[in-house]
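Chemist: Below are the chains, spelled out letter by letter.
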Amino acid sequence: MAGAGGGGNDVQWCFSQVKGAIDDDVAEADIISTVEFNHSGELLATGDKGGRVVIFQQEIENKSQQQCRSEYNVYSTFQSHEPEFDYLKSLEIEEKINKIRWLPQKNAAQFLLSTNDKTIKLWKISERDKRPEGYNLKEEDGRYRDAATITTLQVPVFRPMDLMVEASPRRVFANGHTYHINSISVNSDNETYLSADDLRINMWHLEITDRSFNIVDIKPANMEELTEVITAAEFHPHQCNTFVYSSSKGTIRLCDMRASALCDKHSKLFEEPEDPSNRSFFSEIISSISDVKFSHNGRYMMTRDYLSVKIWDLNMENRPVETYQVHEYLRSKLCSLYENDCIFDKFECCWNGNDSVVMTGSYNNFFRMLDRSQRRDVTLEASRESCKPRQVLKPRRVCAGGKRKKDEISVDSLDFNKKILHTAWHPQENIIAVATTNNLYIFQEKVN
Amino acid sequence: MEDIKPEETKVEEQKDEENKVCPEKLEEAKLKAKYPLLGNKPGGSDLLRKRLQKGPKYFDSGDYNMAKAKIKNKQLPAAQTEKTEITGDHIPTPQDLPQRKPSLVASKLAG
Numbered sequence: 001m002a003g004a005g006g007g008g009n010d011v012q013w014c015f016s017q018v019k020g021a022i023d024d025d026v027a028e029a030d031i032i033s034t035v036e037f038n039h040s041g042e043l044l045a046t047g048d049k050g051g052r053v054v055i056f057q058q059e060i061e062n063k064s065q066q067q068c069r070s071e072y073n074v075y076s077t078f079q080s081h082e083p084e085f086d087y088l089k090s091l092e093i094e095e096k097i098n099k100i101r102w103l104p105q106k107n108a109a110q111f112l113l114s115t116n117d118k119t120i121k122l123w124k125i126s127e128r129d130k131r132p133e134g135y136n137l138k139e140e141d142g143r144y145r146d147a148a149t150i151t152t153l154q155v156p157v158f159r160p161m162d163l164m165v166e167a168s169p170r171r172v173f174a175n176g177h178t179y180h181i182n183s184i185s186v187n188s189d190n191e192t193y194l195s196a197d198d199l200r201i202n203m204w205h206l207e208i209t210d211r212s213f214n215i216v217d218i219k220p221a222n223m224e225e226l227t228e229v230i231t232a233a234e235f236h237p238h239q240c241n242t243f244v245y246s247s248s249k250g251t252i253r254l255c256d257m258r259a260s261a262l263c264d265k266h267s268k269l270f271e272e273p274e275d276p277s278n279r280s281f282f283s284e285i286i287s288s289i290s291d292v293k294f295s296h297n298g299r300y301m302m303t304r305d306y307l308s309v310k311i312w313d314l315n316m317e318n319r320p321v322e323t324y325q326v327h328e329y330l331r332s333k334l335c336s337l338y339e340n341d342c343i344f345d346k347f348e349c350c351w352n353g354n355d356s357v358v359m360t361g362s363y364n365n366f367f368r369m370l371d372r373s374q375r376r377d378v379t380l381e382a383s384r385e386s387c388k389p390r391q392v393l394k395p396r397r398v399c400a401g402g403k404r405k406k407d408e409i410s411v412d413s414l415d416f417n418k419k420i421l422h423t424a425w426h427p428q429e430n431i432i433a434v435a436t437t438n439n440l441y442i443f444q445e446k447v448n
Numbered sequence: 001m002e003d004i005k006p007e008e009t010k011v012e013e014q015k016d017e018e019n020k021v022c023p024e025k026l027e028e029a030k031l032k033a034k035y036p037l038l039g040n041k042p043g044g045s046d047l048l049r050k051r052l053q054k055g056p057k058y059f060d061s062g063d064y065n066m067a068k069a070k071i072k073n074k075q076l077p078a079a080q081t082e083k084t085e086i087t088g089d090h091i092p093t094p095q096d097l098p099q100r101k102p103s104l105v106a107s108k109l110a111g
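As you go down the protein sequences, you meet chains A and B in turn.
Using the UniProt record's numbering, you'd call the opening residue of the first sequence number 1 and step up by one each time.
Using the UniProt record's numbering, you'd call the opening residue of the second sequence number 1 and step up by one each time.
Think of the hints as simulated: they come from the structure by calculation, not from any bench.
Glycine is no exception: its CB is placed at the ideal position from the N, C-alpha and C atoms.
Take these hints with a grain of salt, some might be off.
[Claimed, not checked] Cβ-Cβ distance ranges computed for the label pairs, FRET-style:
(1) Ala106(B) <-> Ser40(A): 44 to 54 angstroms
(2) Lys50(B) <-> Gln79(A): 22 to 32 angstroms
(3) Ala400(A) <-> Tyr35(B): 20 to 30 angstroms
(4) Leu38(B) <-> Glu61(A): 27 to 37 angstroms
(5) Asp407(A) <-> Asp63(B): 48 to 58 angstroms
(6) Ile71(B) <-> Met316(A): 19 to 29 angstroms
(7) Arg51(B) <-> Val172(A): 20 to 30 angstroms
(8) Arg51(B) <-> Gln79(A): 22 to 32 angstroms
(9) Asp141(A) <-> Ile71(B): 32 to 42 angstroms
(10) Leu163(A) <-> Tyr35(B): 28 to 38 angstroms
(11) Ala106(B) <-> Glu271(A): 38 to 48 angstroms
[Unchecked claim] No farther apart than 27 angstroms at their CA atoms in a straight line, the calculated lysine-lysine pairs in the DSSO-like style are these:
(12) Lys54(B) <-> Lys333(A)
(13) Lys108(B) <-> Lys346(A)
(14) Lys89(A) <-> Lys72(B)
(15) Lys49(A) <-> Lys54(B)
(16) Lys249(A) <-> Lys68(B)
(17) Lys49(A) <-> Lys30(B)
(18) Lys50(B) <-> Lys418(A)
(19) Lys54(B) <-> Lys293(A)
(20) Lys124(A) <-> Lys249(A)
(21) Lys121(A) <-> Lys54(B)
(22) Lys96(A) <-> Lys57(B)
(23) Lys108(B) <-> Lys249(A)
(24) Lys68(B) <-> Lys49(A)
(25) Lys57(B) <-> Lys388(A)
(26) Lys96(A) <-> Lys70(B)
(27) Lys30(B) <-> Lys333(A)
(28) Lys25(B) <-> Lys403(A)
(29) Lys70(B) <-> Lys346(A)
(30) Lys96(A) <-> Lys32(B)
(31) Lys403(A) <-> Lys68(B)
Produce the entire structure from the sequences given, and follow the hints as far as they go.
Modeler: Shown next as structure tokens:
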């Protein structure tokens with residue numbers, strides 16, 4: 001099986017698959033809003049603006065080979081959420097899937113949590129490959145037999161059938177949030193999970209839908225005094241009492257649930273001091289953290305703000321240990337990015353399996369691989385033009401100013417409508433899923 | 001009035017230097033030139049409150065349903081003709097009636 005999930009720049013990435021329609025006219029419902037591998041990497045789930053979930057399953061070409069190709073094919077698809085109308089506020093509740101999180105597998109079935117702005121649902125995805133035949137009281141098509149015609153008795157038996165994958169909603173966690181849910185995170189205790197909206201974070205038990213605990217509440221008594229909102233939250237991968245939440249002001253708070261029932265007082269506050277002379281109208285907006293992710297080993301966390309990715313050591317609150325510029329050339333375009341609202345785009349970020357490389361998206365369907373161990377970075381592109389099977393992706397370069405070299409693209413030529421907000425990395429292998437507006441690209445490490 | 005001019009140019013020069021070092025401030029100046037009424041607190045209450053209430057506000061559920069129907073009509077005119085054929089001629093059975101939400105199409109990722 002392909003490597004330990006390491007290596008950013010020794011790794012050559014090649015095209016594997018692309019899912020979705022080719023046409024340029026994108027229906028709003030098809031806009032991909034979340035991408036997530038399950039814990040083994042065998043399943044890959046996507047959510048879209050139309051409230052639908054599509055799950056792909058990995059099929060490995062030749063299991064006996066050391067390094068082999070795999071393909072992700074459709075496993076299941078279902079309508080997770082539907083649009084609703086909030087009668088009290090006269091507002092629409094979008095069906096867009098904001099986040100999907102998988103539960104660790106406990107039995108033959110797979111479970112995932114999917115959420116829109118207001119309601120979280122627990123879905124069970126199970127396989128059926130045999131069905132009972134030979135009922136006494138029913139015909140094969142389900143109609144009941146006339147009892148008078150039954151003269152013999154038979155024992156129904158299970159016969160193999162074509163694999164059917166069924167998705168059923170097992171729990172609906174509704175009415176827990178006044179504001180819009182931005183994150184969900186399953187606890188390492190496998191019993192609870194958190195859901196965070198702009199002002200509050202709730203903790204739920206996976207079995208209980210009519211109650212949840214409020215663990216963070218930053219709503220001010222007077223809404224005029226509102227200065228920041230919660231942008232993302234996540235449980236620690238191993239410590240079931242610890243979680244973090246990020247804010248629109250660029251801070252991250254780590255909370256310990258053992259300290260008190262309501263974790264309004266943080267245990268740690270991670271904030272990088274700002275140079276006051278550099279402060280501008282845009283400073284606060286671009287410092288807003290759009291995503292926070294713990295490393296797999298639980299020692300670090302990564303945050304994504306508009307222009308950079310920062311790696312924080314959980315033991316050091318006063319500054320990040322590493323900072324990577326994603327697209328620094330945009331700093332001189334902030335005015336137009338504010339006018340077209342792009343400055344509010346929420347990019348996500350992810351770690352590779354052994355925490356040595358991190359990845360995040362950018363504009364023009366570019367995405368960035370930042371190698372922590374080798375201190376190198378590369379920009380790649382998800383494009384239909386590099387879609388030949390096993391075609392190696394060529395690094396892309398953006399020309400910030402001055403003379404444009406051959407093969408470089410100038411900042412003004414970047415397509416700001418082509419944004420890669422959602423990416424995911426297989427937990428063990430060098431396989432990545434990159435979502436453009438309505439297409440899902442799967443890239444793999446080059447295999448000889 | 002004439003006394004202020006030399007100082008003004010000094011301040012402008014200083015700003016230029018700062019702007020050379022800080023592209024952000026240059027961008028801020030651009031923005032303020034376009035929108036002179038823009039407040040100084042970008043991350044403040046107004047922006048956040050707009051964020052807390054996203055989406056258009058409807059007058060009531062009737063307004064909402066009408067708006068949704070308009071979008072559906074635009075997307076799938078075919079579904080409407082089905083309906084007119086089925087009802088009115090005979091008593092429909094569950095199999096005859098179109099699905100409650102004909103606009104729920106499968107995701108193209110699964111295609």
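Chemist: Each hint should be assessed against the structure and marked as holding or not.
Modeler: Hint by hint, here is what the structure shows:
1. Ala106(B) <-> Ser40(A): 44 to 54 angstroms: violated (26 angstroms)
2. Lys50(B) <-> Gln79(A): 22 to 32 angstroms: Once the Cβ atoms are compared, 30 angstroms apart, the range 22 to 32 angstroms for Gln79(A) and Lys50(B) holds.
3. Ala400(A) <-> Tyr35(B): 20 to 30 angstroms: The hint (20 to 30 angstroms, Cβ to Cβ) holds, given that Ala400(A) and Tyr35(B) are roughly 26 angstroms apart.
4. Leu38(B) <-> Glu61(A): 27 to 37 angstroms: Distance hint for Leu38(B), Glu61(A) is violated at roughly 57 angstroms.
5. Asp407(A) <-> Asp63(B): 48 to 58 angstroms: holds (53 angstroms)
6. Ile71(B) <-> Met316(A): 19 to 29 angstroms: violated (51 angstroms)
7. Arg51(B) <-> Val172(A): 20 to 30 angstroms: holds (26 angstroms)
8. Arg51(B) <-> Gln79(A): 22 to 32 angstroms: Given about 28 angstroms between the Cβ atoms, the range holds.
9. Asp141(A) <-> Ile71(B): 32 to 42 angstroms: Since Asp141(A) and Ile71(B) have Cβ atoms about 38 angstroms apart, the given range 32 to 42 angstroms holds.
10. Leu163(A) <-> Tyr35(B): 28 to 38 angstroms: violated (59 angstroms)
11. Ala106(B) <-> Glu271(A): 38 to 48 angstroms: Holds, since Ala106(B) and Glu271(A) (Cβ atoms, about 45 angstroms apart) stay within the stated range.
12. Lys54(B) <-> Lys333(A): With a Cα-Cα distance of about 25 angstroms, the restraint between Lys54(B) and Lys333(A) holds, given a limit of 27 angstroms.
13. Lys108(B) <-> Lys346(A): Between Lys108(B) and Lys346(A) the Cα gap is close to 24 angstroms, so the pair holds against 27 angstroms.
14. Lys89(A) <-> Lys72(B): holds (23 angstroms)
15. Lys49(A) <-> Lys54(B): holds (15 angstroms)
16. Lys249(A) <-> Lys68(B): Violated. Lys249(A) to Lys68(B) sits at ~36 angstroms, over the 27 angstroms cutoff.
17. Lys49(A) <-> Lys30(B): Judged against 27 angstroms, a Cα distance of about 34 angstroms means the pair is violated.
18. Lys50(B) <-> Lys418(A): holds (25 angstroms)
19. Lys54(B) <-> Lys293(A): holds (25 angstroms)
20. Lys124(A) <-> Lys249(A): With a Cα-Cα distance of about 37 angstroms, the restraint between Lys124(A) and Lys249(A) is violated, given a limit of 27 angstroms.
21. Lys121(A) <-> Lys54(B): This hinted pair holds, its Cα atoms lying about 22 angstroms apart.
22. Lys96(A) <-> Lys57(B): Holds, at about 17 angstroms.
23. Lys108(B) <-> Lys249(A): violated (37 angstroms)
24. Lys68(B) <-> Lys49(A): Answer holds: Lys68(B) to Lys49(A) is near 15 angstroms, not above 27 angstroms.
25. Lys57(B) <-> Lys388(A): violated (46 angstroms)
26. Lys96(A) <-> Lys70(B): Given that 27 angstroms is the threshold and the Cα spacing comes to 20 angstroms, the pair holds.
27. Lys30(B) <-> Lys333(A): Within the cut-off at roughly 10 angstroms; holds.
28. Lys25(B) <-> Lys403(A): Since the Cα atoms of Lys25(B) and Lys403(A) sit roughly 24 angstroms apart, the hinted pair holds (cutoff 27 angstroms).
29. Lys70(B) <-> Lys346(A): violated (30 angstroms)
30. Lys96(A) <-> Lys32(B): violated (35 angstroms)
31. Lys403(A) <-> Lys68(B): violated (50 angstroms)
Going down the numbered hints, you'll see the structure goes against 1, 4, 6, 10, 16, 17, 20, 23, 25, 29, 30 and 31, while the others check out.
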